[in-house]
Amino acid sequence: GQQLNQSPQSMFIQEGEDVSMNCTSSSIFNTWLWYKQDPGEGPVLLIALYKAGELTSNGRLTAQFGITRKDSFLNISASIPSDVGIYFCAGSERGSQGNLIFGKGTKLSVKP
Amino acid sequence: ETGVTQTPRHLVMGMTNKKSLKCEQHLGHNAMYWYKQSAKKPLELMFVYSLEERVENNSVPSRFSPECPNSSHLFLHLHTLQPEDSALYLCASSQERRSETQYFGPGTRLLVL
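Residue numbers (my numbering), protein chains in the order written: chain X, 9 to 120; chain P, 719 to 831.
Chain P with its partners taken away, still in its complex shape (with noise of 0.2 Å):
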C-alpha cells in the first residue's frame, strides 16, 4: 500500500498540448518532491515544496511548472513538452524538509510524441 498517489498513471500527449500530474500524500507530511526517472539513469530530483513553498528548483525548463495548493496536493503542469521528456515522473513526500525518508508514489508514466 501507499501514502502517496498520483493521477493519471499512464499519459500520452502531443508537443503542443497542456496537461497536469496530480499527486497527493496521505501521510501528513510537509515536504513533496518531483522526480524524473529515465531510462539507464538515476532519478533526477526537479522540484521541492515545504510547507507549500518552492524551496528548490533544479535547473528545471520552464514547460515544467509546479504548484503546491496546500501541503498534500501537489501539481506539475506540462506545456510544449519535447519527447526527450517522456520518462517516469515520482512524486515523493517526507516529514519534513530536512527529513531524508522520502516515500514515493506509483509514477506517472509519460510519453511525448
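So here's chain X without its partners, still in its complex pose (with noise of 0.2 Å):
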C-alpha cells in the first residue's frame, strides 16, 4: 500500500538552531498534518495543511503543504529543549475516505 517517506529518521541538534523535516507520498494527497508524540503519550496535532502551496505557522512550527501534492515539509525555528520528541507526518490521498497513511517518524534530540 501506499507509503509516505518521512525524513530525517532522527535529528540532534544543539538548543537555539533551526530544524527542517519533510515528508515525501508517491501519489497525490489532498491533505497534510503534522503530529508530535512525548514518549508514553498519543500524538498531538500540530499543523493540518488543506490546499496545495499553503503555508501555515503555529508559533515557531512552520509547516507547508508542497506545490506537487506530493510533499510537505515542517520547519522549527530556534529549538528548545521541549521540543524533543517524534514527529509524524500523515496524510490522506487523493478519492481515499478520510484514513490517513503515517510517516515513520523523525525523533528529534536537542541539546541544551
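A few chain X residues facing chain P, derived, Cβ under 8 Å:
1. Thr-39
2. Gly-48
3. Glu-49
4. Ser-100
5. Gly-106
6. Asn-107
7. Leu-108
8. Gly-111
Rather than coming from a laboratory, the hints here were simulated on the basis of the structure. Predicted model only: the values in this text are computed from it and were never measured. Note that beta-carbon positions come from the ideal geometry of N, C-alpha and C, so glycine has one too.
Reassemble the complex: the two chains are provided individually, in unrelated frames, and hints are given to aid placement.
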C-alpha cells in the first residue's frame, strides 16, 4: 500500500538551532498533517494543511503543503529542549475515505 | 490537554486473559478510530466507526473486537492475544468520517505475556 517517506529518521541538534524535516508520497494527497508525540503519550496535532502551496505557522513551527501535492515540510525555528519528541507526518490520498497514512516519524533530540 | 481520553494507560495481560480498552471523546465528533503503534513502524489503522457503525475493519484478527455503543465511546475487547500484539493502542476521533483531521488520545500501552 501507499507509504510516506519521512526524513530524516532522527536529528541531534543544539538548542537554538533551526530544524527541518519533510515527507514525500508517491501519490497526490488532499491533506497533510503534522503531529508530535512525546514518550508514553498519543500524537498531538501541530499543523493541518488543506491546500497545495499553503504555508501555515503555529508559533515557532511552520509547515507547507507542497505545490505538487506529493510532499510537505515542517520547520522548527530556534529549537528549545521541550521540542524533543517524535514528529509524524500524515496525509490522506485524493479519493480516499479520509483514512490517514502516517510516516515513520522523525525523532528530535535537542542538546541544551 | 486532550479531548480524547483512554483507559487504562497501561495493561499487562496473559495470552488467555480477556480485557477491554476504553476510549471516550469529549469533542462532539462523529467518527472514532483504533490504531496500533509498534516500534519502528508507522501507525496502523485497525477500525473506523462513523455514527456508531463500523465502516472499516483493516484486516484485523478476530481476537480484537471493537464496540461503539454511542458516538462518544469506543471499546476494544481483547482475548487470547499473542505476544506480538504488545504495542501502544491509540484511539482517535474526527468531526466526520471524511474529515481527515484526527485527534488522538494518550494511548494504552499493552504488554502481552
